Amino acid sequence: MDNQTFAKYKTAFIVVAALIALLEIPGALDIRNKPYSGYWTDPNNTVIRVFPNSPAQRAGFLLGDRIISSGGIDMKDSKALARQPRAKIGESRAYVVERDGQNLNLDLTFSGLPARDVVLSFARAIIGFCFLIFGLYAYWRVQNQSTTLLALVGLCFGLTFVNKPYLSSHALSTIFGAVTFVPFVFGFAFLLHFMMVFPKAKAFLSKKNAMLWLYGPAALVALLSLFLIVFEPEATSALETVLNIIGGLFVVGYLGLAVVAMVHSHVKATLHERAANGLNLMLLGTVVGLAPLVISALIGVIAPKVVLPGVEFYHLTMGLIPFALAQAALKKARVLASA
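To convert, note that position 156 of the sequence shown is 156 in our numbering; the numbers rise steadily by one, no gaps.
I should point out that these hints are in silico values taken from the structure, not numbers from a laboratory.
As the structure is a prediction and not an experimental result, all values here were calculated from the model.
Beta carbons: idealized from backbone N, C-alpha and C, even for Gly.
Any given hint might turn out to be false.
Unchecked claim - Quick list of the computed label-pair ranges, beta carbon to beta carbon:
| no. | residue 1 | residue 2 | range |
| --- | --- | --- | --- |
| 1 | Leu19 | Ile89 | 25 to 33 Å |
| 2 | Ala18 | Ser168 | 24 to 32 Å |
| 3 | Gly90 | Lys268 | 57 to 65 Å |
| 4 | His264 | His170 | 44 to 52 Å |
| 5 | Leu120 | Ala291 | 17 to 25 Å |
| 6 | Gln84 | Ile31 | 16 to 24 Å |
| 7 | Ile68 | Ala303 | 34 to 42 Å |
| 8 | His170 | Leu308 | 32 to 40 Å |
| 9 | Glu234 | Ser168 | 18 to 26 Å |
| 10 | Ile295 | Asp77 | 29 to 37 Å |
| 11 | His264 | Lys88 | 49 to 57 Å |
Based on the provided sequences and hints, a complete structural model is requested.
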């Protein structure tokens with residue numbers, strides 16, 4: 001396809017980007033209303049982390065506690081949990097946890113987000129805007145297959161990272177969740193596709209079912225997610241474990257292959273090609289940006305009870321990716337234009 005074919009998406013991309021940016025306004029304002037519990041659980045609702053001086057610690061939560069119910073709702077009752085209103089700051093909820101074979105009643109009083117989580121929320125939003133801005137900037141300067149895919153990556157992950165508003169209506173929340181989750185899933189596929197075509201298309205793409213292999217897994221995960229969102233099956237331990245494995249393998253698969261594709265391009269390129277296509281910075285941005293996420297996702301599949309040190313900060317490295325990819329795409333375009 002020629003450049004004119006890719007240029008036709010300009011208006012649509014700008015409109016979608018503007019809508020995503022507007023989401024940040026109510027999302028950012030809502031940060032002050034978000035409740036904080038201070039504990040993490042694994043897919044089996046077992047507590048794997050209790051933050052110091054958090055509401056959970058003050059309530060008496062301990063590592064290894066298995067949460068049976070929250071606010072009188074069984075943790076397996078996904079339908080009721082989905083309809084449970086978000087806790088208000090200062091609100092107390094009764095929890096039943098299983099500890100050493102006995103059920104204990106704990107009352108947790110929610111607080112506002114600690115400074116760490118507030119900073120992380122805004123840091124994630126900045127990463128989202130980096131994806132939006134750098135992806136669209138590269139596309140705006142040059143319209144080709146690589147920059148179009150980069151713009152799609154930017155839109156998908158931009159939507160993922162910006163702060164989004166809380167919707168009290170279950171119906172609206174369900175629709176909004178479905179609309180925002182599907183782009184998140186396909187963002188991984190667009191990123192891998194970009195790595196497969198830049199700086200030049202890999203032989204794999206000439207195969208008959210190449211696009212099916214690239215986008216099929218993402219489509220299946222998106223359909224599975226929509227099924228879970230709409231039908232809300234009982235959240236049994238087995239189901240949660242299977243979903244954790246599927247989600248982890250999905251992330252590891254797409255991001256791992258993206259790193260492999262980038263490394264392959266770098267190894268196969270000559271020194272001149274690496275410089276002309278910006279592959280050195282692109283390699284650094286890709287490996288540093290994606291490696292922590294691949295590692296944490298892999299650990300999440302193999303040992304879901306393990307909490308890696310500083311894991312809540314791992315995704316921040318993704319901020320390197322949009323800049324590195326955009327500069328590489330534009331550098332190659334400048335070289336081609338001057339040839």
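A quick look at each hint next to the structure:
no., hint, verdict
1, Leu19 - Ile89: 25 to 33 Å, "holds, 29 Å"
2, Ala18 - Ser168: 24 to 32 Å, "holds, 25 Å"
3, Gly90 - Lys268: 57 to 65 Å, "holds, 59 Å"
4, His264 - His170: 44 to 52 Å, "holds, 46 Å"
5, Leu120 - Ala291: 17 to 25 Å, "holds, 20 Å"
6, Gln84 - Ile31: 16 to 24 Å, "holds, 21 Å"
7, Ile68 - Ala303: 34 to 42 Å, "violated, 23 Å"
8, His170 - Leu308: 32 to 40 Å, "holds, 34 Å"
9, Glu234 - Ser168: 18 to 26 Å, "holds, 24 Å"
10, Ile295 - Asp77: 29 to 37 Å, "holds, 34 Å"
11, His264 - Lys88: 49 to 57 Å, "holds, 51 Å"
Of the numbered hints stated above, the single one contradicted by the structure is hint 7.
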